[in-house]
Structures are given as C-alpha cells and as structure tokens.
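Between the sequences and the hints, there should be enough to build the whole structure, so can you do that?
Chains as they are written, first to last, in the UniProt record's numbering: chain A, 1 to 240; chain B, 1 to 364; chain C, 1 to 289.
Watch out, some of these pointers could steer you wrong.
So the derived label-pair ranges between C-beta atoms look like this [stated by the list, open to error]:
# : chain 1 : residue 1 : chain 2 : residue 2 : range
1 : B       : N247      : C       : T84       : 32 to 38 Å
2 : A       : G66       : C       : L82       : 40 to 46 Å
3 : C       : I145      : B       : S54       : 34 to 40 Å
4 : B       : R222      : A       : D4        : 51 to 57 Å
5 : B       : T318      : A       : D16       : 34 to 40 Å
6 : B       : T318      : A       : E203      : 45 to 51 Å
Far from chain A, some chain C residues (derived; all Cβ distances over 12 Å) [to be verified]:
#  : residue
7  : V59
8  : V74
9  : K88
10 : N121
11 : R138
12 : L139
13 : F224
14 : F240
15 : F252
16 : F267
17 : G276
These are computed hints drawn from the structure, not numbers from a lab.
Every residue gets a Cβ at the ideal spot worked out from N, C-alpha and C, and that includes glycine.
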Amino acid sequence: MDKDIIKVNDLIVAYDDEPAIWHLNMALKENSITAIVGPNGAGKSTLIKSIMQLIKPVSGEVWINGSKSRKALKEIAYVPQKGEVNWDFPTTVLDVVMMGRYVHKGWLKRPNKKDREIAMSALRVMKMEAFRNRQISELSGGQRQRVFLARAICQNAGIYIMDEPLQGIDITTEKLIIKTIKSLQQEGKTFLIVHHNLDTVEEYFDHAVIMNKSVIAAGDIQDVWTKENIDKAYMEMGAG
Amino acid sequence: MIEVLIVLIIASLATSILGVFLVLRNQAMTTDAISHTILLGIVLAFFITQDIRSPLLIIGAALVGVLTVYLIQLINQTDLIKNDASIGIVFTALFALAVILISRYADHVHLDIDVVIAGEVLFAPLNRIEVFGFSIPRALWQLGILLIVNGAFVALFYKELKVSSFDPKFAYVIGFSTTLIYYMLMTLVSITAVAAFDAVGAILVINFFVAPVLTAYLIVKRLDHLIYLTALFAVLNSTLGYLIGYNLDLSMSGATASVAFIIFTIVFLFKPDGYIVLKIKKRRQRKEFMHAMILMLMNEDEHETVTPGEISRHFSLTEPETKKQLETLEVEGYVTRAEDRYRLTVRGEEFTHYSRIKYGLKAH
Amino acid sequence: MELLSSYTFLIVAIGTTILSFAAGVIGTVSVIKGQSLIGDAIGHATFPGVILAFMLVGVTDTLPLTIGAIIFGVIAFFFIQLITNHSKVTLDGALALILSSFFGFGMALKSYVQGNPGFSNTQGIDDYIFGQAAYMLRLDVWLIIIASVASLLLFMIFYQQIRIYTFDPVYSSTIGINPALVNVLVLSMTILLIAVGLKAVGAILIVNLLIAPGVIGLLWSDRFNIVLLIAGLSGAVSAFIGTYISTAYAGFATGPSIILVMSVLVFISMMFGKRGLVTRKFNLRGDAT
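Printed below as a string of structure tokens:
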C-alpha cells in the first residue's frame, strides 16, 4: 500500500473566474479505499472530473501510474452519478455491462463469448444475474447502481473512481456494494470514492481526502478523521 | 392599405397574449402542430358545408385544433411515446390526411394549401362585413373580438394561469383544475390560430405566438411585465414587417416573421446581460483571474521571484500571452522587474490579500 | 401489377424507400434523446436556403438547391444551439422561433422571386415545400442513394460510439469518445437526409420520416440494434407502400401517402407492441389468473 497510483500536483481548476479547486495536492495510495469528503461546492466532483481529464485545469498536473497521457485513463473505471444517463435508452442490463468491455476491443470488433462470460460473472457478483434481460428503465435506483458497478468490474481496470455511488439507494445494495469493493481490494484494486454520509466514512474506508477547494487533510483514516479536520472543511473559509 | 397594418397588429396582439402562457409552459411547438392541423378541420368542414366562405369552416378548424392537443395529451398519457415525438407524429399525420383529402376530393375548389401556409394578408380587406353600419374587413372584426376575449380570459384567470404555468404541482395541490385551465387555454389558442391564419397564414401564426414573447422573455422576469413587453414587440414586429413588405413588395407574412427573428437576435446579442456583453465580461473576468493567480503564485515563498518561463510553464500559457500578462501587471504597479525576474510590489501583495477574500480562499 | 415494373414508379420507389430506411435509423437517436422536433425545425428552415440557391443559379437544379438547403439546415441548428445555450429560452421555444422565422424568410424570398420578371420557371420551388416525388429525376434519386448509403455507413462505423454516447454521454467521454463530435456526426447525417429528401416529401412533412420509424422500433423492442432495424424496415415498407398507392391512385401525393401508411404502423404498434395498450390488457389478464 505504499505506491501512489494517482498523484495530483498543485491543481487549480476554475469555471470562468470562480476557482473550484485551489492548489490541490493529493496522492491515491495503491490498493486503498479512499473517500473524498467535503461540503457542497468543495470541488469533489471537479477533482474527479479533472483526474478523468473531462475538465482542463488552469494549472497543475495529474499523474496516473506515472503517466500523464490519455492512454493511462484505460486504467480507470468510472461509475457515474445517476442523473448523467439516458434511462429511456433501449438496452438490457447485460448489454450495459458489456459496454465495459469495449475499452478492450477495437471499435469495430464485436464482443465475443469470452466478453459475455466476463459480463455475466460481473452480474453474478452484483447479484443481478436474474435481471440480465431486463430493460434498464425498469430497474430501481439500487439495481441501477449495481449494474454500473458491474460495468466497471467488466472494464477490468486497476482503479475505480465513483461519484457518490451510495446516494439514494437501499441498504441491501449499499452493503453489497461495500462488500464487493472490499473483496475487489483483496484482488489488488484501488478505489477513489466521493462520499456524502460522514457517519459511515470510518466503517467503509481506510483512507480519506478531506477537502474544501484545497486539501484540508489526507491520509490514513485513523490519522485524518478527526473532529478538528472535519470542522475545518465544513466551516466557512475566509474568517480565519 | 392601413387596414392591412391594423389586421396584422390586431392578429399579433390576439395571438401573442396567449403565447405568453404557451412559452412558459413549454408548449410552443404545440402551436406548430395546431397551425398545421387546422387545415384538416377546414377540409372536413368544407365537405359538410360545400361552401368555402362558410363560418362553419372556422368552427371545424378550431375543433380539429383542440382535437390535436387532445390527441397529443392522450398519447402522452399512455406513456408509450415521448412528448416531443408524439407532437411530431400527430401533426404530420393529420396534415398529410388533409393534403390528400384536398387533392383527391376538393381539387376543383379554391383551397390552395400554399396560401394556407404562406397566407396573404393583403387580401384581408377584400372580404368585408357590415358592423353597426360600418364596413370593415371580416378578419379585423373576428380578430378584434378574439383579442377582447383573450384579454378578458387572461385578466379573469390571471392568478390561475400564473400558478399553473410556473408550478403545476402546486396549482394541483391548492385545488386549481390545471387540466381545465389548460384546455380553456388551448381552445382559445385553436380558435385564435384559425382566425389569424385565415388572415396571415399558418407560419406567421406560429411566429406571432412565440416570437414577441421570447424576445420579451429575454429581458424581463415578472409575468405582468412580460405581457406588456410582449404586446410592444408584437406591435413593433407587425409594423416593421408591414413597412418592409409594403416597400419591397414582399410577402407581408414572410417579412414580418423575418423581422421578428432579427429583433429577437438583436435583443439576444445586445441586451445588457446579452450574449455579447457576457462574452466581453467573461473575457475580462478570465484575464483578471489570470492576473490574480500569477500574483498569488508570486506571493508564495518558493516563487518569490519568477521568470516568464516559469509562469508560462506553470499555467500552460504561451510565451506571448505570459509576456502580455506580465507587462500589464508591471504597468499597473503590481510587480517589478529586475533583469528577467519579476517580484511583487507592496501594492501587488495587498492585491493578493483581497483576491483571496474575493475568491474565498484561505490565507496563505 | 404492371405498375411495379414501370420506370417512373421504380425510380421514385427506390428513392423514397432507401431514404426512409436511412432516416428511420438515424432519426431514432434523436427520438431517444427527446430531441425529435429539431428535425422539424431544420426541415422548415431549409426552405430559404433552397430559394437563395435558386436565386443564385437561376434554375431549379437539384444539386445547388440541395446545397442551399444543407447550409440553412446548419445555420438553423447553429442558432438553436446558440439560443438554448446562452439564454433561458428552452429548446421548445427556440425550435418554434427558428421554424417559423426561417420559413417566413423563405416565403418573403419566394414572393420576391415570383414578383421579379428576372426569374422564370419558379414553379419547381413549391416541390420543396410539399414534395413532388413524381417529378423526381434520376439525379434526385442518385443523391438520395449516395446520402443514405453514406449516412448508414458512417452510422455503422461509429455504431458503438453513437450507442454509448446516446445512452451515457459522460461515461462515453471517459472511455475516449468525443461526445461533441458524435453529436455533430448524427446531426450532419440528419441535415443531409432532410436536404436530399425535400423533393420527395417536402419541408413540412419530412420530420415524420425521422420520428415515426424510431417510435415504432421503440414500441417493439428494448434492444438498440433491433430498434434500429425495425425503424429502418418500417420506414422502408411505409415508403414503398405509400409510393405504390400514390402512383396507382390519383390524388394521393407521395409524401402524405407514405406518412399515412407510417401513421397506421405507429397506431398498430401502440396497440400491439411490446408494451402496447392491447398487449398490456392481455398481460394483466394473464397475471390475474
């Protein structure tokens, strides 16, 4: 757990003239389950999007596995927020999960039997096997989240980046997702997860990044998860 | 000729006052549907009356207009087809039916689809009616009455229209029948569309319903202001359209619709918080932000003096850009230069202090 | 049956069938995205382009008129994007505005052309408003075939990108797809098909070819590839039958006939499709027993 698999150096991101991230430095430890915690408007989603190169920063750099190129992004599986998806799209659960395989295929190649098997086993992990031919619009919120995690598993990436995966889902799914994440950790995967519920941080995560535009505290959960740090992040800046 | 202008103005006022609520309810494209399908109503009514001048034609057309709205709603309620797709399917089907009925069974009468779509307001004064001993164009009489009816409708149900346009759920909760209001509105829309399109053509009817409202909507927020300003733009569009059409000998309806778009675009681009002003503002803000960031960087201990090369690397700026930024900062007295290294002045340091407060960043 | 081998019929039928197949496939994307009426606005907005092109070349020649239509389709789309992205005007309002203003501009230009003795042979222009498939020339049909085949090929090549982008734009960009590029691709194909199809079905009704097939497909299947196939086929079948009716019976214009056939298919699909109203009733009864 000593290698830094993602490094963010002195990152500044701004929307027009509004700085969303300010001189942010952080490192994601390999094989960790790291929470990103902070108040609304702290730039959590912006940080993720900058790592995924969906936003161009004003300054600073992001290193993934020691590389700055777009190709390094193949090492990352991204689990979106629910609202970003067109739920009327005519497609089945299995089909969505198979989309995870396209990263490994040339664009013109069709998925083969092996891809199907990988997708099916990912569905099995998420206990969604029986739903494989369901249309996605018929799924509940929790089931949708399971499907997206299954798609990420299919990508067979080393790093999982998730934007509030536990928001608005049932408790069974929450437990299942956490269980899956922990067992994937055993296989050597790394997780960076935007998390909302402060009560469960200690239970679910082993590392945390507490941020508000820049990093307040980061590191091992035992060291950083203190009342002082949390207060610092959630209190208004500028007064001090 | 002045009668033509009056017909245009009255038609634009009668339509656009209802248009306000159509735009607020995101029902603008429904007017597109209605304006096309009333052709079917006219054809069907013509089959019954066999008289192209019969007032029944107007009633038939309005009925089909309401039927169109009802059909679209009915399809939406089945949840099988998306709202916008059902509008597109319903109006094309009914319009196609009308075109075939005309060419198959009514080819011998004067029901020129081209005129229906394009309209010819110049002919409006030819069809006259006696009212209280005065001879006035029939279109003017009809549209005048509709203007009064529509105005009265908006005045009487102002509160209901307002609430059900902005917050239909709330309207439902506090006990308004949003459906009733909706169908009353759409019935008036259909009748007005029919009366107006007889005078100005289907395309200009759509334009009258939406263009003045959208232009006003760019400027004001309050509903009552929106209504007044809409009326103003309706009169402006019609008058300019009339003048241009008259002087250049162009289709009055076509000219008015074109003018409406030009006026919308002018307002869109040049209003105080319009596209151009915002673009300029954004550019200035971005420049100021870049200044602030360069200064704040130099405020850090490890960057107390910097070379242009360091700046351009740090912010991924091109060399000319960096040079321009630093020159401005030097002229304004925020930095001083010694050889090719820059450092903050006292003024520059103060500036970074205020920047941090402005951008909500913690003190260094 | 003699009709089926007549030259005019074949020319027109080949053109409308291929066009409707391609429009059905490509229009499905907009239907799923809830943007089907963009096609309506662009269809109407091509009209001034056609007239301006006519004013420039002086004859109703297919090629320049089609190019004029494409240019104005692009301009219309540009304005729709500009207005919706930079003001509080919604897509619904912007479409109605662009549709009526551009078409109105076309009407003004047309009245100028018709009132000006410098231009002759202006009758052909109306074909672009209402469609006049019977007057389609071989060149018109070739244009339709080239545009349709090119669009379908592009669609097949970028099938996965289009599919993933339509379903999940953010995810698509994380796996290296450029969403803006895919969007432009789909819209260019749409505008191209509208432009070459004007003479066959006209500016007012062409949107139906882009919407109805996709709607039919979505009513029968919940797999994207099958939806596309059904959409393409129902477009093609409607076009063929519609063209046959219009050739066999007097007074049935081609565009409207195709659309009436298509509407019948939509109605049948709404009743008997996968979640159709009648199907639903039967399923309910089945569940109860």
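Each hint, compared with the structure:
1. Between B:N247 and C:T84, the C-beta spacing of about 34 Å keeps the proposed range 32 to 38 Å intact.
2. Look at A:G66 against C:L82: about 43 Å separates their beta carbons, and that is inside 40 to 46 Å.
3. Between C:I145 and B:S54, the C-beta spacing of about 47 Å breaks the proposed range 34 to 40 Å.
4. For B:R222 paired with A:D4, a C-beta distance near 55 Å keeps the hint of 51 to 57 Å intact.
5. A hinted range of 34 to 40 Å for the beta carbons of B:T318 and A:D16 is inconsistent with their spacing of about 20 Å.
6. With their beta carbons about 49 Å apart, B:T318 and A:E203 fall inside the hinted range of 45 to 51 Å.
7. Even its closest Cβ contact with chain A, about 43 Å, leaves C:V59 beyond 12 Å, as expected for a residue assigned away from the interface.
8. With a least CB separation of 25 Å from chain A, C:V74 remains clear of the 12 Å interface cut-off, as annotated.
9. Here C:K88 stays apart from chain A, with its beta-carbon at least about 18 Å from theirs, past the 12 Å limit.
10. For C:N121, the requirement that its beta carbon stay farther than 12 Å from each beta carbon of chain A is met, with the minimum near 47 Å.
11. With 12 Å as the threshold on Cβ separation, the claim that C:R138 sits away from chain A holds: the shortest Cβ distance comes to roughly 34 Å.
12. The Cβ of C:L139 lies farther than 12 Å from every Cβ of chain A, with a closest approach of about 33 Å, so its non-interface assignment holds.
13. Against the 12 Å criterion, C:F224 falls within the reach of chain A, whose nearest CB is about 5 Å from its own CB.
14. The claim that C:F240 lies off the interface holds: its Cβ sits roughly 25 Å from the closest Cβ of chain A, which is beyond the 12 Å cut-off.
15. At roughly 33 Å, the least C-beta separation between C:F252 and chain A is larger than 12 Å, which holds for a residue marked as non-interface.
16. Look at C:F267: its CB is around 20 Å from the nearest CB on chain A, clear of 12 Å, so calling it non-interface holds up.
17. Every CB of chain A lies more than 12 Å from the CB of C:G276, the least distance being 15 Å, so the non-interface label holds.
In summary, the numbered hints that this structure violates are 3, 5, 13.
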